[in-house]
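Order-wise, the sequence lines are chains A and B.
Residue 1 is where the first sequence starts when you use this note's numbering, and the numbers rise one by one after that.
Residue 1 is where the second sequence starts when you use this note's numbering, and the numbers rise one by one after that.
Listed below are the simulated EDC-like cross-link pairs for lysine to aspartate or glutamate, each with C-alpha atoms no more than 20 Å apart in a straight line:
hint: 1; chain 1: B; residue 1: 230; chain 2: B; residue 2: 240
hint: 2; chain 1: B; residue 1: 60; chain 2: A; residue 2: 200
hint: 3; chain 1: B; residue 1: 268; chain 2: B; residue 2: 278
hint: 4; chain 1: B; residue 1: 215; chain 2: A; residue 2: 3
hint: 5; chain 1: B; residue 1: 230; chain 2: A; residue 2: 200
hint: 6; chain 1: B; residue 1: 177; chain 2: B; residue 2: 240
hint: 7; chain 1: B; residue 1: 230; chain 2: A; residue 2: 3
hint: 8; chain 1: B; residue 1: 60; chain 2: A; residue 2: 21
hint: 9; chain 1: B; residue 1: 72; chain 2: B; residue 2: 277
Partial list, derived from the structure: chain B residues whose beta carbon lies under 10 Å from chain A:
hint: 10; residue: 45
hint: 11; residue: 47
hint: 12; residue: 51
hint: 13; residue: 63
hint: 14; residue: 66
hint: 15; residue: 67
hint: 16; residue: 78
hint: 17; residue: 80
hint: 18; residue: 81
hint: 19; residue: 90
hint: 20; residue: 94
hint: 21; residue: 96
hint: 22; residue: 208
hint: 23; residue: 229
hint: 24; residue: 233
Just so you know, the hints here were simulated from the structure itself, not pulled from any lab data.
Predicted model, so just to flag it, every value in this text is computed and none were measured.
For every residue, glycine included, the Cβ atom is placed at its ideal position computed from N, Cα and C.
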Amino acid sequence: MYEIVEGFLEAIRLIVTLDPDVMAIAARSIAISLTATIVASLIAVPLGAAINFGTFPGRKSLINLIQTLYSLPTVIVGLLIFLLISRVGPFGFMRLLFTPTAMIIAQTVLILPIMTGLTISALSGVDPVIRDTLRSLGATRLQFLVNILKEARFAILATVAVGFGRAISEVGAAILVGGNIAASSFASSTRVLTTAISLETSMGNISQSIALGLVLLAIALGVNLAITTVQHR
Amino acid sequence: MHVSRYINLIIMHRRIIFAVAAVMVALMLICGCTGTTTDPTPVEKQQLRIATTTSLYDTKLLDHITPIFEEKYNAEVLIVSAGTGKAIEYGQRGDVDVLMVHDRAREDAFIADGYGINRRVFAYNYFVLVGPESDPAEIKGMQPEAAFTAIREKGMAGEDVVFVSRGDASGTHSKEKAIWKGAGFNYSTDVQGSGDWYQEAGTGMGATLTLTNEKQAYTLSDIGTYLAYKGDLDLVALVDEGDILLNVYCAMEINPEKYPDTNTTVAKDWVNFLISDDIQKEIASFGVDQYGQPLFYAAQDDWEKIGVTEAEVKDPIA
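With the hints as constraints, model all of the structure from the sequences given.
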């Protein structure tokens with residue numbers, strides 16, 4: 001009990017005094033996961049729209065497959081990306097292993113299915129009257145898409161939030177392809193909130209773990225709170 | 001009623017498309033910016049990738065000497081702390097430039113297979129068998145092999161005796177297997193899976209000590225990590241004498257003939273740096289002020305004692 005209370009107080013001190021280590025790790029987590037979320041959004045939203053509005057054989061099975069991949073285990077993604085980018089792997093020449101870029105790739109792959117699937121749900125949830133109206137008014141394909149996307153913007157925003165939440169809170173892939181490196185420069189380090197918590201706890205640095213945990217919790221909950229607030233406005 | 005609204009929207013589509021385009025451009029800019037900040041190759045700084053055994057990392061020895069190297073050679077050191085088994089695996093895959101490990105037999109195989117070159121021995125210390133103060137297996141002061149036998153016997157008999165193994169193919173794990181062998185047991189049939197008394201942690205030395213402490217069990221640790229963690233542990237060193245407990249750390253380059261883009265210049269600098277007089281002194285004095293005794297001994301003058309050649313501890317790589 002003493003350890004928890006003491007750790008908690010020290011954690012608060014680390015956060016309030018903006019401890020440079022804690023802040024750097026938090027900033028790196030946000031930078032990596034945000035980049036992954038943006039990249040995934042740029043792929044998932046158009047892809048989701050194409051699948052939702054497209055008519056092609058196997059569309060239903062494809063949607064089923066995407067939904068199955070929601071539960072893609074993070075370590076499996078980590079292992080897959082590791083094998084692809086390790087020096088002896090097919091993309092080994094790019095020397096990406098143990099870099100933040102590798103983590104961005106892994107997180108992008110990880111959240112792509114859920115973001116694509118939720119985009120499909122968001123778009124198919126748009127009132128059919130609006131779709132029919134747009135079509136009957138002779139909207140071009142682009143106009144049609146833009147307006148449907150506009151109509152579904154809150155649901156898509158929620159999709160982005162879900163993707164970001166999954167990216168920033170995963171640890172399995174981050175440790176496999178990132179290597180949990182604490183280098184002297186910000187850009188070369190791959191230590192993020194989740195991998196740092198894992199390491200610090202195993203090293204018995206409980207207060208550091210709690211501080212990092214509180215920051216992670218604040219980011220994860222904060223993003224969802226912001227989205228909910230926007231949706232209710 | 002809705003219709004007029006959508007007519008308006010379509011009339012205004014230029015603005016909407018512009019807004020969407022603007023957002024896309026903004027996203028791409030953010031993307032591009034983070035892309036450049038995460039670029040791992042600053043222009044003039046050379047990067048050195050090291051895979052290390054966890055003991056050198058968990059004791060913070062590397063944290064201590066890395067900044068000295070980075071300043072002297074204008075390089076950036078990236079350390080992946082993974083245990084000797086994983087480090088060797090990273091080395092075989094060409095994912096790092098330098099290995100820092102402590103498992104002579106596997107180092108020899110690694111070099112014989114052509115993956116590693118220029119091994120230099122820079123430090124040594126000893127393994128200790130640690131356990132709860134109450135010492136339920138009564139091993140205090142025994143030889144390592146006899147102590148292992150006693151732990152196994154009591155554990156198999158269902159007494160409250162647990163041995164936690166690293167279980168991660170690390171150098172420490174190799175040493176543990178060697179001691180079981182020395183005690184006359186077949187590791188995979190007599191020890192592994194022989195009962196609840198033998199548990200594999202599958203993690204680094206620091207984490208294994210933390211786990212052993214929680215279970216009030218026995219484990220084999222290098223003395224350095226044990227001393228660095230001792231303050232947080234209710235575990236005491238029970239067996240610390242016996243030739244088999246010697247623990248020798250080396251560094252070697254990954255063979256550039258296997259992986260031509262290995263950063264050989266900085267890799268050589270690093271290995272030579274470790275065996276230089278100044279750093280040998282740093283290694284020998286590291287932790288003395290904090291723990292009252294050194295965590296590692298410099299290899300430089302003790303090469304005979306630890307059974308390696310003089311060239312391995314003294315000759316800089318050309």
